[in-house]
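Enquirer: Chain residues, written in single-letter form:
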Amino acid sequence: MADLEKLITVAKETVSRDDVKYLIGWRQGTYGFRVSPHFITEPEEADKLIFSPLCSNNLATYLTLVEKLPVPRGQEADTRKIALMVKGCDSRAVVQQLVEQGIKRESVIILGCPCQGVVDLAKVEEKFPAGLEQVAARWDDGKIVFQFSDGEKAVPREEVLADKCLRCRYPNPVLADTLLWEEVEAGSSSDEYADVSELEAKTPEERWSFWEAQFSSCVRCYSCRNVCPMCYCEDCILDRLNPTWVNRSNNISENTAFHLSRAFHLAGRCIECGECERVCPVNIPIMTLNRKLTKEVREKFAYEPGTDPASKPLQASYRPNDQENFIL
Amino acid sequence: MDNMKLPKEKVGDFLAKLGKEKFRVPQQMEGSSKFAPLNGESNADFTLSNTTVPPKSIFYPQTETLYRYNVGETAMEAPGEVDEMIIMGIRPCDARALSTVDKLFTWDPVDPYYKSRRDKATMVGLACQEPRTNCFCTSVGGGPASTEGLDILMTDLGDSYLFQVLTEKGEKICQEAGDILVKSDDSDVQAAEKLHNDAAQKIVRGIDSQDIPEKLPQLWESEIWKKVSDPCLGCGACTFLCPTCHCFDIQDEVEGLEGRRCRVWDSCMFKEYTLHTSGHNPRPSRRERTRNRINHKYSYFVDKFGVIACVGCGRCINLCPVNIDILNILSQVKEAL
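Sequence order for the protein chains is U and Z.
Residue numbers for the first sequence, in the working numbering: 1 to 328.
Residue numbers for the second sequence, in the working numbering: 1 to 337.
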């Protein structure tokens with residue numbers, strides 16, 4: 001069970017350390033069920049930290065997203081650590097970043113938050129249209145309890161949890177310096193990739209007409225790329241102009257090139273936090289594309305990214321008994 | 001001209017009489033909504049609140065071909081004439097956004113691409129009756145029944161739409177529609193006014209924006225910019241889907257020997273925005289980019305054109321993945337001085 005007192009105590013201690021630059025957690029947002037990432041440099045700011053079924057954001061993305069600005073002459077680079085609160089899925093992102101040497105182990109303090117699943121805001125707002133009132137939430141057995149000013153409302157978890165949480169196999173952080181409370185039971189969730197199979201069963205023409213409609217609505221805001229903790233190339237092919245790999249024009253050809261490049265770059269790397277799909281303003285089912293590749297990687301190479309800090313990246317590992325029968 | 005009424009069962013007739021191909025109407029697509037041409041019978045949805053993609057995309061599309069050319073030749077092929085359009089069901093905030101952006105695109109020099117579409121368009125607005133949580137049009141000079149930028153204001157009276165005719169363009173539409181429209185009387189106008197007032201009462205969020213333009217320049221180095229931009233992902237959701245954001249980039253896109261010069265939406269939240277050829281970027285981090293987004297809307301545009309370039313539609317608040325909330329930023333601006 002999430003222990004807020006413990007969380008705040010540990011956060012205060014952590015952020016008081018001389019070797020810590022800041023801590024990233026979650027706080028209640030400005031309205032409704034929204035939550036915002038909370039960057040803390042002072043102990044008193046820790047009082048606003050929360051951990052609840054509303055804490056969807058995968059904060060691991062900030063480990064690589066924050067700009068590394070040139071250090072002014074005569075000054076030394078700030079090498080202090082970043083402290084980060086992680087759920088199970090988020091911790092897989094940190095592990096995968098470590099495996100790929102995208103971050104250094106000594107530069108991060110991982111505060112593990114065993115998690116019973118976070119909500120899908122669309123599902124929640126369908127039941128309770130978002131008002132201005134800030135609503136908190138908590139887990140209670142198999143239910144999610146929303147705390148409105150005029151009383152609490154409990155909903156069975158299946159009705160409001162994000163799809164990724166309903167099939168979660170890693171509710172507990174796979175790597176943490178401090179585990180903030182006791183681990184939760186992993187439960188019997190399994191993942192049969194039903195969403196992927198459904199698309200696989202269609203003809204190529206049907207599949208294309210599905211994705212064509214989806215990619216056509218893309219506005220190329222790149223929120224899916226930017227929120228992704230695994231999309232951290234300093235020089236992204238989407239930003240390149242010389243040569244231009246993907247034109248800036250919004251049309252089905254360029255949009256498809258963008259989405260396929262993004263998906264392929266995540267093959268064997270996507271840790272299935274679902275952030276890309278959560279943030280998409282036009283609701284493209286991006287995870288279905290990612291999960292097709294995840295399924296292939298798991299079936300063909302028995303590899304699951306972000307689960308073992310000592311492992312090698314999929315593309316950098318080879319086993320003599322790796323399957324080859326699918327290579328044309 | 002007198003006010004008219006369009007009975008709801010006659011909407012199909014109205015569209016057909018004026019020419020379906022002329023209409024751009026709000027439509028619910030797969031996972032989002034936007035303005036698009038009518039197809040088939042009638043896929044217009046006048047119950048949507050403001051669409052996910054704002055109707056700026058009609059006048060200032062995300063990708064605009066300025067001209068086509070063949071590499072090695074000097075001839076250029078300019079785009080053809082624009083046809084008449086009727087934008088039906090646009091919300092008052094989005095119509096105000098277009099009259100705001102007009103000031104920029106008809107500045108010196110006038111933008112012929114944008115201007116020709118604006119000239120050919122008749123704007124039939126639809127008053128809001130159910131503002132959303134993050135709507136704050138009344139804080140920035142608008143309102144659920146603002147007529148700015150409209151030729152006709154429609155109000156949903158239940159079984160019909162009241163047409164309040166505001167301009168000659170609006171009159172022309174009504175004349176063309178002929179007897180599909182019926183006369184309205186004073187009681188309809190009174191009913192509409194009550195609905196407009198009720199809608200304004202339903203707006204729950206707001207800010208006194210008057211002193212913001214004068215405060216912002218004094219906060220250039222304020223610590224608030226770092227604070228509010230810490231969670232920012234640097235994506236373009238807030239700007240691309242903002243009805244007044246109008247920054248663009250011009251690109252030459254060439255396939256084989258066929259090239260086209262096109263104008264595409266750009267976002268001040270992207271890291272390649274204002275990136276110099278030298279590699280220097282005057283806005284090197286999300287702090288400067290966020291500061292620019294707010295200053296452009298609430299300070300620079302006000303200095304240049306006398307109006308705030310924000311119409312309070314709430315899209316940037318609704319769609320931000322990390323709950324960066326412009327009203328929250330603005331209240332911090334007000335508190336900081």
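Errors might be hidden in some of the hints.
Stretch-level coverage of chain Z by chain U, calculated; a stretch enters the list once three of its residues show a Cβ under 8 Å from a Cβ in chain U [to be verified]:
no. : stretch
1   : 22–31
2   : 118–125
3   : 223–233
4   : 248–258
5   : 282–289
6   : 314–323
Heads up, simulated DSSO-like pairs for lysine-lysine below, C-alpha to C-alpha not over 30 Å straight-line [to be verified]:
no. : chain 1 : residue 1 : chain 2 : residue 2
7   : Z       : LYS271    : U       : LYS127
8   : Z       : LYS271    : U       : LYS104
9   : Z       : LYS202    : U       : LYS104
Derived from the structure by calculation, the hints contain no laboratory data.
Backbone N, C-alpha and C fix where the C-beta goes; we use that ideal spot for every residue, glycine too.
Enquirer: Would you mind marking each hint as holding or not holding in the structure?
Expert: Outcome of the hint check:
1. Only residues whose C-beta sits within less than 8 Å of a C-beta in chain U count toward coverage, and the stretch 22–31 of chain Z has 3 of them, enough to reach three; the restraint holds.
2. For the stretch 118–125 of chain Z, the assignment as covered by chain U is violated, since 0 residues bring a beta-carbon within under 8 Å of that chain's beta-carbons and 3 are needed.
3. Counting residues of the stretch 223–233 of chain Z whose CB lies closer than 8 Å to any CB of chain U gives 4, which reaches the minimum of 3, so the coverage claim holds.
4. Residue count for the stretch 248–258 of chain Z with a Cβ under 8 Å from a Cβ of chain U: 3. That meets the three needed, and the coverage hint holds.
5. Under a criterion of three residues with beta carbons nearer than 8 Å to beta carbons of chain U, the stated coverage of the stretch 282–289 of chain Z is upheld, 3 such residues being counted.
6. Here's how the stretch 314–323 of chain Z fares: 5 of its residues keep a CB closer than 8 Å to some CB of chain U, so the rule of at least three is met and the hint holds.
7. Between the alpha carbons of LYS271 (chain Z) and LYS127 (chain U) the distance comes to roughly 38 Å, so the proposed pair goes past 30 Å and is violated.
8. Distance check on the hinted pair: LYS271 (chain Z) and LYS104 (chain U) sit about 24 Å apart at the alpha-carbon level, within 30 Å; holds.
9. Distance check on the hinted pair: LYS202 (chain Z) and LYS104 (chain U) sit about 51 Å apart at the alpha-carbon level, beyond 30 Å; violated.
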